[in-house]
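With the sequences and hints as input, model every part of the structure.
Number of protein chains: 2
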Amino acid sequence: MATEEQIRESLDEVLVPGAMRSLVKLNLVRDIVLSDEKATVTLASAALNPQTQDWLKAKVAEVITGLDGIKEAEINFVEASTKELNDIRNVVAIMSGKGGVGKSLMTSLTALSLARRGYEVGILDADITGPSIPRMFGIVGRPAGSETGIMPALSKVGIEIMSINLLLPHEDDAVIWRGPLIGKVITQFWEDVLWGKLDYLLVDLPPGTADAPLTVMQTLPLSGIIITFTPQELAAMVVRKAVQMAQKMNIPIKGVVENMSYFILPDSGKRIELFGSSKAQKMAIDAGAPLLGQFPVDPEIAKLCDDGNIERYDSEELNSFADAFLKAM
Amino acid sequence: MATEEQIRESLDEVLVPGAMRSLVKLNLVRDIVLSDEKATVTLASAALNPQTQDWLKAKVAEVITGLDGIKEAEINFVEASTKELNDIRNVVAIMSGKGGVGKSLMTSLTALSLARRGYEVGILDADITGPSIPRMFGIVGRPAGSETGIMPALSKVGIEIMSINLLLPHEDDAVIWRGPLIGKVITQFWEDVLWGKLDYLLVDLPPGTADAPLTVMQTLPLSGIIITFTPQELAAMVVRKAVQMAQKMNIPIKGVVENMSYFILPDSGKRIELFGSSKAQKMAIDAGAPLLGQFPVDPEIAKLCDDGNIERYDSEELNSFADAFLKAM
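Sequences listed follow chains A and B, in order.
In terms of the numbering used here, the first sequence opens at residue 1 and continues consecutively.
In terms of the numbering used here, the second sequence opens at residue 330 and continues consecutively.
The reader is advised that the hints may include incorrect statements.
Simulated DEER-style distance windows between Cβ atoms [as the list claims (entries may be wrong)]:
no.	chain 1	residue 1	chain 2	residue 2	range
1	B	L510	A	Q281	34 to 40 angstroms
2	A	R271	B	K485	31 to 37 angstroms
3	A	S315	B	L510	39 to 45 angstroms
4	B	A653	A	Q51	53 to 59 angstroms
5	A	S315	B	E413	56 to 62 angstroms
6	B	E645	A	L15	55 to 61 angstroms
Only pairs whose alpha carbons sit at most 20 angstroms apart, straight line, appear in this in silico DMTMM-like list of lysine to aspartate or glutamate [unchecked claim]:
no.	chain 1	residue 1	chain 2	residue 2
7	A	K282	B	D636
8	B	K577	A	D172
9	A	K270	B	E602
No lab work stands behind these hints: they were computed from the structure.
These numbers were taken from a predicted model, which means no experiment stands behind them.
Don't be surprised by glycine CBs; every beta carbon is placed ideally from N, CA and C.
This is the structure in structure tokens:
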């Protein structure tokens with residue numbers, strides 16, 4: 001006769017349409033009761049439209065009555081907010097203050113390296129006026145959902161993603177909004193998206209130290225911040241403003257990472273400094289946090305991002321960055 | 330006997346302390362009356378503190394009584410707002426939507442190339458949370474001024490500059506403000522700074538399409554916008570949002586300029602595309618505006634920016650860009 005644990009395991013194989021993550025990973029399984037040969041399963045209905053609920057009812061009944069000794073299955077839905085269903089261990093913001101230093105790239109690479117090591121990872125794209133994440137992962141199409149919540153999109157390797165660009169009719173559409181509206185959307189991405197169970201939710205912040213970063217720091221329970229920068233002193237100056245903001249808001253900086261650190265000449269293999277000598281050691285001291293890695297300027301990365309294939313990227317640098325990130329957390 | 334015109338010419342050689350631009354260029358000369366051997370000069374007192382007014386009174390009297398046939402000089406001050414004194418022919422915003430594509434660099438290079446051709450140029454740094462302009466020009470120290478106005482800083486070649494970083498105790502200090510306050514500062518930079526007479530005021534916009542660009546487009550009488558981008562398709566997508574914003578706000582896009590277009594390998598002189606193939610032609614079509622130029626990735630530029638010596642930069646590209654810019658305007 002099947003146990004409650006076995007029922008739960010079987011539900012971990014039922015993928016929710018539109019999300020393509022399982023009922024268990026989305027934290028929709030609220031209760032399992034076994035009595036005699038009958039199993040009663042209670043599911044949360046958040047972010048599920050009526051058709052999806054019907055489909056799940058039939059699918060779950062089919063899966064459970066296929067288990068040893070279970071003859072009858074009763075499937076009920078209860079209301080629960082996405083906010084109470086979300087069970088996220090670490091929320092980490094990727095910040096730089098300066099634009100174009102590679103926040104979105106670092107967010108993507110961090111997510112990728114964690115997912116490869118078996119962690120459940122999501123990305124909340126808080127850059128509402130300049131969202132880059134869906135493009136890098138090659139994600140198009142509107143997220144599923146209902147009046148009670150939005151399903152995140154899922155990348156090829158299984159990273160959950162929510163970005164304003166998934167909700168716009170065209171990816172080039174401008175979002176011409178003032179701060180309060182932008183703050184509201186970020187809050188919605190946090191509260192109304194069914195993230196489910198995650199080890200890490202990474203937040204890709206926009207440049208600057210104004211509305212969006214302020215809303216993220218005041219609204220989300222951040223475990224820490226990763227600071228991204230490039231070797232240019234001019235960029236480093238603006239990045240130090242971000243460091244100061246994090247410190248003022250009492251959010252621990254868990255590490256710093258340098259992007260566009262160097263460039264390997266394709267002909268000679270010689271390493272040159274395109275944007276000046278590395279600021280890595282100095283930035284680590286200024287931020288009071290470890291240096292987690294240094295990434296080169298690499299035309300291959302630019303191409304992978306443009307083609308929506310960032311998940312194909314792999315390198316020695318990424319591997320040791322992941323080690324350092326996990327150690328810092 | 331000296332004419333009114335000669336008096337005006339002599340006043341064009343009196344530099345206002347703290348601004349280092351002349352009384353005439355700052356548009357502070359309100360009236361000149363000649364009767365017999367007496368000249369009466371009326372100056373506006375905006376942005377001048379009492380000591381500066383006293384110094385100017387003595388200096389102007391000295392200069393005028395040195396002219397042929399003038400025995401007596403009377404110098405009066407009248408109140409006038411900086412807003413009514415400012416006489417600016419063209420206000421042009423440099424925009425990209427995306428951060429880190431080189432807006433500030435393009436703003437600086439445009440200013441530089443126009444100043445070299447004899448135009449009077451100013452830069453209003455509207456990037457309040459990530460200001461780069463003072464650093465590039467090597468400008469430190471607080472601007473002069475009084476209760477009635479702020480004097481812009483002056484670069485080595487004579488470009489007027491106003492940036493929040495000139496008003497902060499330390500250049501790394503974070504400006505952690507929400508949109509309304511940022512909008513207010515930008516409006517002050519427009520209304521309360523004594524720009525005087527300028528051919529071009531260039532506005533360096535922050536990334537995004539939110540509060541700051543919106544305030545600039547709604548408050549300043551823009552003649553047009555220059556769109557900056559890099560070859561990466563990901564960046565181009567975000568830049569198209571900026572193009573759409575300009576179009577929605579009915580502000581003409583005067584031209585587009587590609588930065589980080591290519592890189593010349595130092596060993597072989599071979600030209601490679603670090604961030605993908607040029608998007609210049611496509612962007613010009615999308616924006617419905619001419620391509621004004623293409624600039625390479627150049628470690629020398631990065632160094633000049635970091636050292637505050639951007640004004641030493643010169644190149645064939647910059648020269649033809651200036652031609653194209655003036656033609657487009």
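*Kindly confirm whether 53 to 59 angstroms is satisfied by the beta carbon distance between A653/B and Q51/A.*
Given about 57 angstroms between the Cβ atoms, the range holds.
*Decide if the proposed pair is consistent with the structure: K282/A and D636/B, CA atoms, cutoff 20 angstroms inclusive.*
It holds: about 17 angstroms lies between the C-alpha atoms, which stays within 20 angstroms.
*Within 34 to 40 angstroms or not, the Cβ separation of L510/B and Q281/A?*
Roughly 35 angstroms apart at Cβ, these two residues keep to the hinted range, so it holds.
_Given the hinted pair K270/A and E602/B, is their Cα-Cα distance within 20 angstroms?_
Within the cut-off at roughly 17 angstroms; holds.
*Please test the hint of 55 to 61 angstroms on the beta carbon pair from E645/B and L15/A.*
59 angstroms, holds
*Take a look at whether the Cβ-Cβ distance between S315/A and L510/B falls inside 39 to 45 angstroms.*
42 angstroms, holds
_What's the verdict on K577/B and D172/A, does the C-alpha distance respect the 20 angstroms limit or exceed it?_
13 angstroms, holds
_Range hint 31 to 37 angstroms (beta carbons of R271/A and K485/B) holds or violated_ = Holds - the Cβ-Cβ distance for R271/A and K485/B, about 34 angstroms, lies within 31 to 37 angstroms.
*CB-CB spacing for E413/B and S315/A relative to the 56 to 62 angstroms hint*: Because 60 angstroms falls inside the window, the suggested range holds.
Comparing the model with each earlier hint shows no violations; every hint is respected.
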